[in-house]
Amino acid sequence: MKEIIIATKNRGKMKDFEALFTPLNIKVTSLLDLPEDIEDIEETGTTFEENAAIKAEAICEKFGIAVIADDSGLEVDALNGEPGVYSARYAGEKKDDQANLQKVLAELKGVPDHKRTARFVCVLAVAQPGEKTVFKRGECEGTIGQEPIGENGFGYDPIFFPIGSDHTMAEMSPAEKNKISHRRKALDQLINWLKEQ
19 MKEIIIATKN RGKMKDFEAL FTPLNIKVTS LLDLPEDIED IEETGTTFEE NAAIKAEAIC
79 EKFGIAVIAD DSGLEVDALN GEPGVYSARY AGEKKDDQAN LQKVLAELKG VPDHKRTARF
139 VCVLAVAQPG EKTVFKRGEC EGTIGQEPIG ENGFGYDPIF FPIGSDHTMA EMSPAEKNKI
199 SHRRKALDQL INWLKEQ
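Under this note's numbering, the residues of the sequence shown are numbered 19 to 215, in order.
I should point out that these hints are in silico values taken from the structure, not numbers from a laboratory. Remember, predicted model here, so these are calculated numbers, not experimental data. Using N, Cα and C, we set each Cβ at its ideal position, and we do this for glycine too.
Derived Cβ-Cβ restraints for the label pairs, each shown as a range:
(1) LYS20 to LYS150: 18 to 24 Å
(2) LYS213 to LYS133: 39 to 45 Å
(3) GLU54 to PRO147: 17 to 23 Å
(4) GLY168 to ASP51: 28 to 34 Å
(5) ASP184 to GLY63: 31 to 37 Å
Kindly produce the complete structure, drawing on both the sequences and the hints.
Next comes the structure, spelled out in structure tokens:
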């Protein structure tokens with residue numbers, strides 16, 4: 019595998035992927051770098067795996083090279099695993115980080131700290147022409163705080179305390195967050211798998 023398309027239009031995510039793949043001599047291209055504009059692919063799956071596969075397989079079919087797509091989100095145990103695959107649009111169709119995390123806090127009103135367990139989940143799907151899609155899953159366990167704290171990160175980071183930390187993800191530096199994040203864990207698995215190929 020010499021070249022991979024990363025199914026994202028997020029420059030921040032691309033920096034992470036470039037840092038990981040450059041040492042392996044694998045060239046990575048984002049959806050923004052392709053010669054034609056790629057329409058957003060509708061994620062109709064009910065699991066992170068299904069959504070990641072939908073994206074990866076559609077783009078792999080179109081360009082005939084390996085594609086990595088990720089789907090990620092927050093699962094809160096007291097909310098039966100919500101927001102889950104709907105994390106980006108939990109408070110409505112428009113992606114609004116503030117509204118989403120306020121909805122989680124509202125839904126957890128009155129739930130005691132020891133029952134506010136949650137995890138960030140990241141699933142990477144690797145689609146290759148003529149091969150079965152491969153999945154790598156990373157999770158970061160933690161708890162949901164009572165209010166947003168911190169200015170870094172995005173999404174639900176300001177209300178998520180990773181296990182063993184008295185700081186939210188949004189209080190951590192990008193380097194600290196990257197050491198323990200769900201995406202990091204999924205990427206580590208992916209790198210190990212790529213080295214075995």
